[in-house]
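Could you build all of it, start to finish, from the sequences and the hints given here?
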Amino acid sequence: MSVLYIVLPVTLVIVGVAIGAYTWAARAGQFDDLTTPAMRMLFDDPAVKPADLPPVGRRND
Amino acid sequence: MSDAAPGATAQASPAAAICEHCGTPLAAGVPGRFCCAGCRTAFALLHEHGLDGWYRLSDRDGRSVATSGRAFGEFDHTAFQSLYVRRTADGDAAIDLYLEGVHCSACVWLVERVPIAIPGVVRAELDVRRALASIVWDDAAVPLSEIARFLDQLGYRPHPFRGATREVRRQQEDRVLLTRIGVAGALATNVMLLALAQYAGWFSGMDDQAAQFFRWWSLALTIPAVLWPGRTFFTGAWAALRAGVVHMDVPVALALAAGLLRGAWNTWQGTGPIYFDGVTFLIFLLLCGRGVQQFAQRRATDAAELLGVLAPSAARVCQDDGTVHEIPVEAVLPGMMLEVRAGDTLAADGVVEQGTSEVDGSLLTGESRPVPVAAGDVVFAGTVNLTAWLAVRVTAAGEASRLGHLLREVEAGQRRRAPLVQLADRLAGRFVVAVLLLALATLVVWWPADPTRAIDYAIAVLIVTCPCALALATPLAMHAAIGQAARRGILIKHGEVLERMAVPARLVLDKTGTLTEGRLRVVAWQGDPMVRPLVLALEQDAVHPVARAFREAWPELRAAPDATRHTTLGSGVRGVVGGRRVVVGSSRFVGAGATVNAGWTAWADDAAAAGRTPILVAVDDVVVAGAALEDTLRPDAVSAVARLVRLGFVPAILSGDHPLLTQRAAVEVGIPIAAAQGGATPEQKRAVIAAAALQGPVVMVGDGVNDAAALTAAHVGIGVHGGAEACLAVADVHLAAPGLEPLVELAEGARRTMRLIKVLLGVSLAYNAVGAVLAMTGHIDPLIAAVLMPGTSVLNVLAAWRTRTFPGPAR
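Protein chains in written order, with our numbering: chain A, 9 to 69; chain B, 113 to 923.
Honestly, the hints are just simulated from the structure, not real lab data.
Every residue, glycine too, gets a C-beta built ideally from N, C-alpha and C.
Treat the hints with care, as some may be off.
Stated by the list, open to error - Each pair of labels, with its calculated beta carbon distance range:
| no. | chain 1 | residue 1 | chain 2 | residue 2 | range |
| --- | --- | --- | --- | --- | --- |
| 1 | B | Thr-457 | A | Met-49 | 27 to 35 Å |
| 2 | B | Ala-323 | A | Ala-46 | 44 to 52 Å |
| 3 | B | Leu-907 | A | Ala-26 | 24 to 32 Å |
| 4 | B | Leu-907 | A | Gln-38 | 28 to 36 Å |
Said to hold, decoys possible - A few chain B positions that, by computed beta-carbon distances, are all more than 12 Å from chain A:
| no. | residue |
| --- | --- |
| 5 | Arg-269 |
| 6 | Ala-298 |
| 7 | Ala-487 |
Here's what the structure looks like:
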């Protein structure tokens, strides 16, 4: 049973970290809108316009 | 994704010609790939910026894309910017815009790509549920009006979101509650795990040192649970006690304190039960109940408020040099000259300087018939200019206008309103007294035998009777009901409504727009039916209610081609259709240029006497037909009123319209004439309702600004479909579905909800009685408590979830 004296403090640390992370997320507004992000992650990256690409160099044969 | 949405590369096939952008079917034989210039612009915009992907994502179901083509000049005005635009930390400007026409993921995709299309826009994020776009842009690089025009061209007409500060406060409240729920949940589950180990040890043996370690450990997790998320119950209880009332928080706080203190004492002593698992789980469950209710209510309030944003925000002001600018309504000042086009809503009170037209004041005064106005007449903000251009000199704007006065009255009414003490809270008072008496009795009875045991059992009574299920029953049942009602188009802004609507009350109905459609309809046609297409040809684009009535009367008919409309002054329209001179209008208007024989004059007089609006049609200077128009009852008005009467409501009509019309409506829906009062000003309406409210519960149903003050004076104020912004904002319930059927549904649903709450409360009380008996006789051990405590709560949750209080499919 002595292992408990190590495991329980470890769980306390994990719980503390989890609560800290959750509190940050809730306060930062991560849960304000639960509908749109689910749609947003399905989109592809914006199309690259040819004008935005770097200029074409000469091939070094 | 949809067949109706061709890709950018798709060729328009001659067989199924549809608009490349919006999917509207195109007329056969006409070359072209777009239905209108707006669609062509939008397509070009998308294509130019490499956003063709929108057509792949879009599932628009053939909905057409509407473009208003406005300039949105008022968005750049300083008065507008100071009201709605915020500054970000980086020095950029930020605004929340409500977008019309947002409905699917393609909209999110497109709106969030605005920064690619317009340089200077830093970020665009869309909340699709509420259709709110938050835009951050560099206002030195690009004006807001350009962004607004771009959104409008894509079919998302932007409106400034009023109430951003209220929104920030609510968001803050939501986040705090969410944090508390999460923290309470994390601590409760951990304490529960430790408790499970202790129960296991209780059966199979556990050495004292380990058991004691577990106790201290649970205590270490319980203290923060009570002090952080649980603190809200103590502050609530304290506030209630200071106000001299007993609230549900009082017995909860009592149980939490007793549980924590007794558990801590027993931990210190190393013997006896600890109730930490019960205490932490109680906090978590109660906060969850609070959370679901708050979020459901928020959703209903949001939906009602966002509809109010659609009110016009711009006025067109004429400068001295003859130019016209759009400015925000907030910047309108007395002395300005406003241009009011046909179809516009007046932004301020004023005097007509030029032009002749008709004004629809139904939302402000309740009067269903348009009022003619000419130079020198006074017009009011909030009324709609119907037929022709007007120039209006502003006499009072904003707060000082008649509309502003009304709205202040409404606000004052809202503040005066006393909150209802909910059923559960009324019970809480007696409950606390009963529990304290039981605990005291336990102490007294056991004291002579064993003082330690007496204290133990008395505290056990306090904990075991903790009203967890009692406190959960109301929020859960109300949450479920509000959610189900919202899907049926009934937006309930707070739970009290359900309790108040469940008992029979005086039901005061507005007439125009509530019992009636609020718009004219052709109810009789006299004469040659062959001239109908000629009438349609003249009326096809006008905003006047008479024109709309004709268009709706014969949807199967097509307008005759070749029409030239000449005048739409005052009360009629004159023009040439297919070479024939056609006049449509009131008998005086038609009589000015055509012969009206005695028969038609008599027909028109009869119709007017019956409360109808007669319209004559003359072709080539001879009257050939007549139509009688009327603001007809909603089709379900009669049956709805009858069902409400059967539910015990006593109906009455209170209208701003002419008393004769009000009485006729009363007769038609089956309300005694004595209970129908017409010609009431908004102030009188409020006074009548306030007087009635002293004698018993009053429910007021209305749609106009003229009803708003009365709605706040009533116990329950209900705004119907299509009502004015001010009315919907103060109403406790907003019926977002047309007709009076939702009103009946609300009354029935409220009764079902209250019955459910009473059953749940009964079960909880019975459970508490059993628990109290066990505790008083010393039969409560930790395991029984652990099983009993969450048992009824779970039962309550399930019952609240599964009961159909507002049955029927979503609409």
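ask   = So which of those numbered hints doesn't the model satisfy?
value = 1 and 6
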